[in-house]
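Both chains come to you apart, so use the hints to assemble them.
In the order they appear, the protein sequences are chains A and B. What the first sequence shows, in numbering that gives the first Met the number 0, is residues 0 to 260, in sequence order. What the second sequence shows, in numbering that gives the first Met the number 0, is residues 0 to 210, in sequence order.
There may be inaccurate statements among the hints.
As the list claims (entries may be wrong) - Label-pair ranges, simulated between beta-carbon atoms:
# : chain 1 : residue 1 : chain 2 : residue 2 : range
1 : B       : SER129    : A       : THR205    : 42 to 52 Å
2 : A       : ARG91     : B       : ALA132    : 24 to 34 Å
3 : B       : GLY112    : A       : THR205    : 35 to 45 Å
4 : B       : ALA131    : A       : PRO188    : 23 to 33 Å
5 : A       : GLY84     : B       : ILE74     : 30 to 40 Å
6 : A       : GLN117    : B       : ALA203    : 38 to 48 Å
7 : B       : THR206    : A       : LYS197    : 33 to 43 Å
8 : A       : THR114    : B       : ASP126    : 49 to 59 Å
9 : B       : SER110    : A       : THR196    : 17 to 27 Å
Simulated from the structure, these hints should not be mistaken for laboratory data. These numbers were taken from a predicted model, which means no experiment stands behind them. Heads up, the beta-carbon is just placed ideally off N, CA and C, and yes, glycines get one too.
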Amino acid sequence: MLDKDIVSSLRTFATSRRHFLQATTIAGTLVATTTLAPSSIAGIALAESAAVSSGDLGILNFALTLEHFENALYRALLASGLLSGQALSFARTFGAHESTHVTALTQTIMKLGGTPVQEQAAYNFPKVTTQAQVIAALSTVEDVGASAYLGAAPLVQDAGLLTVAVEIHSVEAEHATGWRFLNGQDPVPFAFAPPRTKQEVLDVVTPFLTVPSSSMPATMPNTGLSTNGGLKVIGAVGGIAAVAAGAALLRGQRSGVAEQE
Amino acid sequence: MEETEQRILRVAQPPVSRRNALRGVGAALAALSITALNPLVEGRAFAATTLAGLTDLDILNFALTLEHLEANFYIMAVAGGNLSGQTLSVLTSIRDHETAHVATLTKVISSLGGTPVAKRAKYNFGDMSSQAAILKTAETLEGTGVGAYTGAAPLISNKTAILPAAASIEQVESRHYAAIRFLRGENPVPAAFGPSLTVAEVTAAVTPILG
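Just chain B, same shape as in the assembly (with noise of 0.2 Å):
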């Protein structure tokens, strides 16, 4: 729900003063904010993206948001006709696996007391008019899933049930994006270590998405 959506968003992106006024704090939240890009590196504020009071199911109704987002590419670009052979195959397989992703999630937030997200009426997916257009918004879709999953992983609470769940997800998330790298032409692993992303970072990657 975009509620949640506003809080998460709140959180991730925290007014200036806020953030000078976790520089130097202890260190329980200067772990969490390993996630934080190196600021010199990526050439702007350090971000302190901690996602400091976001429980479980935040964190899960944000995968949640996200696997809607993908499950419903993936359904509009099998069922669009644009797709043939090996690329039509594994978009399907990958289909199903957001399907199924989006029921579990949605099946463990209501068994956890919480209320899921539901997937938007619209999604701004680009041009889907190719098979080439599809592919390419695929990768940038899964590198963004994967980074997420990744990212978020250190933060979630239950490390018993919570987070082998997400870490299997995650490495699903993975195999897709080198699939869709592969079926691009392209190194299919392109480094030795898989991208983590911030939810400030997502939340850019995905808001032009979400619309």
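Chain A with its partners taken away, still in its complex shape (with noise of 0.2 Å):
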């Protein structure tokens, strides 16, 4: 069932980005979150009973996957003190973004009756040493997630759905061009963006969602990087480490979720 509330929530976080032609000068924006009641956001005439198919869930909960591992990403490389100027600036406002789409995706899955994956315990991140490194993963990862973006979008059964899984998708190209910028890379380099199926995405991402055993850690540390030879590697310990460092800045961005329902 697809009920008001459901892409209420959704537009909720996307209302913030219309006013862009009014205000082209959002610079330092973090998270799209606005400061509307929810009486008035249910005012929009909305599709009251449509269905939305197992399909659609399914490409929620795989965008979702995809979600989690950018945002733990993002937390543990801003946790790792790699970063900083531009890049940093980037990271953190970006992050951030991956933290919103994740609430999203998480809240509509939920209220659409499936079940939203967790994030996992631990990530098999890229292991980078520079910001030079992170700065190229980035960008990686950013054109990786807005070709999976492009290539499940159309397959999105309801029309709100589908214009929310597009509006995130702009979001992640546009991430990827900020990346391109400091990564010295052409920042516009297609004027055809090439889409990836599920298969193909999952080709690229599963060596970084797969943890060896022999990496994962014996217990949570609950000391950050901090032993870790200097923070000089991100790795499935790095990221678990984050997780707890991340904590407080998720916990206000939620807060601010659930003022909103």
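Below, the structure is given as structure tokens:
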């Protein structure tokens, strides 16, 4: 069932972006939250009883799987201390977007009666030791994310969900553009963006989602990365530590979400 | 062609009585109106810009109208001699992309039996005398382009060929938008969700340029 609240909750996130024509200097905006009362949002005429297909739920959960990875990756990288300047600024801003995507997709899947996938306890993150490597890795990750949404979005049956998928798709591509600038790549590399099928995306991301058991920490580290060779390596351990480190940031955003419900 | 634009305008801006008639209609029509903005948010009357009655050919021609506009803007901008450095390089690439979009959309519309809109004889792009002015206009154009494609995406009937193509172009417009913002020294990604605009909003944004 697709009720007003489901799409409304998604539209709430999207609304602030719509003012871009009037406000072209929104620099620093981290999360597209609004202060709208839910009752006003529910005033939109929506599909009252449109059924959401199981296919749509599957696509949403696939997207959520990727968003969890991106979100955890940004948290780990932000906690690594490797970033500074514009790269740090981008990582904070773009990471907050991924967190918002996780929250929005999770809420939507739950309200549709599905079971949202959870963030993994650990990821096999790309091994990076310099800011340049971080930038290159994020450029690739965001390009893959954009191609994944491009492959999946046209398969979404529900019109409201399709629109939101395209809106998120835009943002992943914009993230990639930012990293491409910092990476010295062509920021606008093609006239027609290439999609990836689900299988093609899995071929790329599965190594990062698969954590070798030998690298799994026995216990959850609780002292951050300070004992790990001066934060030189981001791996599964770093990822877990970063989960804890990023909790405060996430908590703040989630409370903002809760207020909108 | 102007005939197509007029038809789009009629659908996008229905008379008041029709708007009222659209209230409380069935799920299919209501689903389309998801793309309309919340009237309380925007402080204006609910706009039933549902695009009902528009065919894929109409939507493609509407996209082509925007692509003509963008392509000609960048052709003028690059030829004008006021750009330099990375801005010149990026806007030259964008010019080529928009030109490719024009060529492809024209071909697709023709192959579907439609009549592709032609470019206008003249556009009013405002101040083109400085790099800063050009980038400012470019940001508005690209933002409008992204929002137009996003708003139109769920209305496309052909989900296997035209929708994926439109989404592919939408992504490129998004990259242009972020690149222009970066070149202007702005945060390249101002929000967690991209914009989605109705045809009426897009029309309002580009009408001054179309003259």
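Exercise for review: Can you let me know if the beta-carbon spacing of B/GLY112 and A/THR205 is within 35 to 45 Å?
Suggested key: The hint (35 to 45 Å, Cβ to Cβ) holds, given that B/GLY112 and A/THR205 are roughly 44 Å apart.
**Study point:** Cβ separation of A/THR114 and B/ASP126, checked against the hinted range 49 to 59 Å
**Key:** With Cβ atoms ~54 Å apart, the hint holds.
Check your understanding: For the pair A/GLN117 and B/ALA203, does the Cβ-Cβ distance stay inside 38 to 48 Å?
Key -> holds, 44 Å
Practice item. With 30 to 40 Å as the target window, see if A/GLY84 and B/ILE74 comply at their CB atoms. Key: holds, 35 Å
Check your understanding: Per the hint of 23 to 33 Å, is the separation of the Cβ atoms of B/ALA131 and A/PRO188 within bounds?
Key -> holds, 25 Å
Exercise for review: Given the hint of 33 to 43 Å, check if B/THR206 and A/LYS197 actually sit that far apart at their C-beta atoms.
Suggested key: Once the Cβ atoms are compared, 41 Å apart, the range 33 to 43 Å for A/LYS197 and B/THR206 holds.
Check your understanding: Would you say the C-beta atoms of B/SER129 and A/THR205 sit inside 42 to 52 Å of each other?
Key -> holds, 49 Å
Review point. Range hint 17 to 27 Å: satisfied by the CB atoms of B/SER110 and A/THR196?
Key: Taking Cβ atoms as reference, B/SER110 and A/THR196 lie about 25 Å apart, which means the hint holds.
Practice item. Kindly confirm whether 24 to 34 Å is satisfied by the beta carbon distance between A/ARG91 and B/ALA132. Key: holds, 31 Å
In this structure, every one of the numbered hints holds.
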